[in-house]
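Asker: Note that the protein sequences, when read in sequence, are chains Y and F.
Under my numbering, the final residue of the first sequence carries the number 1446; numbering is consecutive throughout.
Under my numbering, the final residue of the second sequence carries the number 441; numbering is consecutive throughout.
Just so you know, not all the hints are guaranteed correct.
One side of the interface only, derived from the structure: several residues of chain F facing chain Y at Cβ under 7 Å [what the hints assert, rightly or not]:
1. G84
2. D85
3. T88
4. Q197
5. N199
6. L292
7. K400
8. T416
Since the hints were derived computationally from the structure, they do not count as laboratory data.
Everything numeric in this text was worked out from a predicted model, so none of it was measured.
Glycine residues also receive a C-beta, built at the ideal position from the N, C-alpha and C atoms.
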Amino acid sequence: MSSGPGGEAGFPASAVAAAGPHVARRRPRAVGERTLHALAPYLLLAPAALVIVAVLGYPLYLVGRLSFEQFGLAELITKKGTWIGLDNYSRLFHERQFWTVLLRTIVFTVVNVGLTMILGTFVAILLTKLGRFMRLLLSTGLVLVWAMPVVVAVNIFRWMVDYEFGVLNWTLTKLHLGDFINKDWFANPTTGFVVITALIVWGAIPFVAITIYAGLSQVPAELLEAAEIDGARRWRAFKDITFPLLLPIFVILTSLSIIWDFQVFNQIWLIRGSEPEESYWLMSVYSFFEAFKLGEYGYGAAIAVVMVAVMFLATFVYLRQMIRMGETR
Amino acid sequence: MKRLTIGGALALAAALLVSAVAASTSSSSPKRQSATKVVIWLQNDAKNGWEQMVTSTNDAFKAKHPGVEVDVQYQGWGDHLTKFDAALAGGTAPDVIEFGNTETTRYMAGRLLQDLTAQTKSFPNSKTWLGALKDSCTYRGKLYCVPYYAGARAVIYRKDQYKAAGVKGTPKSLAQFQAAGRKLMKKYGAQRNYSALYFPGQYWYAAMSFVYDYGGKIAEFKSGKWKGTLTSPQAIKGLTQMKATVRALSRASKTTDEANPQQALVFSKGRVGSFIGNGWEWPYALDEKVGDPSLKNKMSAYPMPSHVAGKYMPTFLGGSDVAVPVTSKNKALAYDWIRIFTSASSMRKIATIGKQIPNTTTLASVNAGNPQLAPFTNASKYSWFVPTAPNWVKVENARVLKNLVQAIVTGRQSVAKAAKSASDQITKILNQPVT
Chain Y
1118 MSSGPGGEAG FPASAVAAAG PHVARRRPRA VGERTLHALA PYLLLAPAAL
1168 VIVAVLGYPL YLVGRLSFEQ FGLAELITKK GTWIGLDNYS RLFHERQFWT
1218 VLLRTIVFTV VNVGLTMILG TFVAILLTKL GRFMRLLLST GLVLVWAMPV
1268 VVAVNIFRWM VDYEFGVLNW TLTKLHLGDF INKDWFANPT TGFVVITALI
1318 VWGAIPFVAI TIYAGLSQVP AELLEAAEID GARRWRAFKD ITFPLLLPIF
1368 VILTSLSIIW DFQVFNQIWL IRGSEPEESY WLMSVYSFFE AFKLGEYGYG
1418 AAIAVVMVAV MFLATFVYLR QMIRMGETR
Chain F
7 MKRLTIGGAL ALAAALLVSA VAASTSSSSP KRQSATKVVI WLQNDAKNGW
57 EQMVTSTNDA FKAKHPGVEV DVQYQGWGDH LTKFDAALAG GTAPDVIEFG
107 NTETTRYMAG RLLQDLTAQT KSFPNSKTWL GALKDSCTYR GKLYCVPYYA
157 GARAVIYRKD QYKAAGVKGT PKSLAQFQAA GRKLMKKYGA QRNYSALYFP
207 GQYWYAAMSF VYDYGGKIAE FKSGKWKGTL TSPQAIKGLT QMKATVRALS
257 RASKTTDEAN PQQALVFSKG RVGSFIGNGW EWPYALDEKV GDPSLKNKMS
307 AYPMPSHVAG KYMPTFLGGS DVAVPVTSKN KALAYDWIRI FTSASSMRKI
357 ATIGKQIPNT TTLASVNAGN PQLAPFTNAS KYSWFVPTAP NWVKVENARV
407 LKNLVQAIVT GRQSVAKAAK SASDQITKIL NQPVT
């Protein structure tokens, strides 16, 4: 990542010098050695690939198979489900609740990813503008947020908006922003989701901000200086120089954020005291509820599979689009 | 740049896989038990109300079975069944588990609990068990669990506040109860979070009492099918009265239940005139560590009055049973632990320390003479119970009634609309094939 387009263009001479003797030494080698050379990367990858198949592939297969089975409480003991084909899926697609939850999850993801990326970028730019001490302070703060376990963070947010004793309610009231004493944030799903979004975006900003900051420090200062001399304003310089250069980073961060936010579970589960109301269900909660609360393990697995499919589709389309954009530029 | 995006795509693919698996396998795995350890799951109520009785049971058990370890793990009502199901699948289920009496039917019908019919007589008090609890342990003539205790709810209130607000005696009808509440609100309502009646918005046990008081029902079994009946005029009347009472007298959160936070502890903080609680919640409010012992002489209880003057509002006859899952590897030890746990001396402690109704009718006299227990015993004379359908626990797990009460008291839905949606859901769930 650090040897971006600037690096390659900047030091062609040294690159050739480094590659030269290496190429020269390799020329007289035997064919067998060359095939070994070609195979080496795959051999090196094999252990990791094996581990991935074992710990991810196999469970994934199990979930897939479970989604085609009738699997309830009785089957927990016998450990043998009944194959029912696509019944779980057809039941799911006829359930209005499924479409409500899916739509809610998509909207939730768009809002959260959008806010995370925008605020994260702002914080990253802020980091480049700050003096040494403040930068240290801010990045320490970011790392601390990053390091905080989710359970702790959720409980702190829960206390802050507590109905009886919430410090946020008290502060907002003292600031004369309205009457927030005994404000029940979760009585209305809209305000409830404001709190949840705040919690998730707050937790996601550090990773985004620090990564973008790392990228920003690689943007050649000469380019920006040149743009400034040509009379480009800050926004223009960001839009036409910084952003295109950092596009790969933005693509990765956005895609990762989509994946993370689409499957949010812990925050919602914990902030609603392990019993989220239906109006707070996202796909992951829906799947868990059907499987583990109602004992419909096959049906719950079907929801999980659909969830993965939707996520895969969204990420794939997005990635393709962005890679194409990158190529045309 | 191209190589970078490919690397990124690989990272993404890996992240996707991780998320897929995470979505499907989230469950806790309790400790694996060894052969000489009996694992007991009890609810937190025992810990808060009568932990001494649990300790003395364990001591007696260990004296009888030297070398056997007892591991009591306390659970919350919200997720203990989820945990139990997961533990069953993982082969790490406890040797003894406490069930609420509304939760047993599905597990009995699923043959997941050990059949105790042959050993019935070996359990203490088995001839005099409370009928309601024994029924909740019986499925098609066979016994699958042992009654533990029952509880009725009554209004626990602040005598001093009632007096200061000018309420004479205790209310004898719902109208008087509401009038008394209004007096309290007038006197203390200036304190922003004062409630004359602390009634959290998901407190469905108390809310359904209004339904049954007006002659309504949750569901009924007719010609081979279950039908949700919360849309009946009687049920609507009850729910409407409940809404009026809660909206006028309670400033409790409308999105929490009676256990989070524990209403007895909110009461002990002083800004609550009364709440509808179990017998054990009275001493819990006086707890030295978490409550306020100085309230000792300022509080009392009376049965919640009916809308018909002079009668009591039906109370939910809650209770608990203890059972042995079929997966237990220490069944004989588990039975023995249960025998000590439900012995006459243990049950006496449940009555005196826990302020609960013990599992046997022979100990009824222990409660009768005690002014602290009489209101609860009296309240239990009029009681209601959930529909005895094998799928009932799914209605609870799906939070249908909690959602109903919350939708009504927050005003998000009209009484009629919320009742219709809950009733339809109940009909649907109760008629599903038993799985």
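Asker: Next, verify each hint and record whether it holds.
Answerer: Taking the hints in turn, this is what the structure says about them:
1. G84: Given a least distance of 5 Å, the restraint on G84 of chain F holds.
2. D85: Cβ of D85 of chain F sits 5 Å from chain Y, so the hint holds.
3. T88: holds, 5 Å
4. Q197: violated, 10 Å
5. N199: Result: holds, 5 Å to nearest chain Y Cβ.
6. L292: Result: violated, 20 Å to nearest chain Y Cβ.
7. K400: Constraint on K400 of chain F satisfied, holds at 5 Å.
8. T416: holds, 5 Å
Checked against the numbered hints given earlier, this structure breaks hints 4 and 6; the rest are met.
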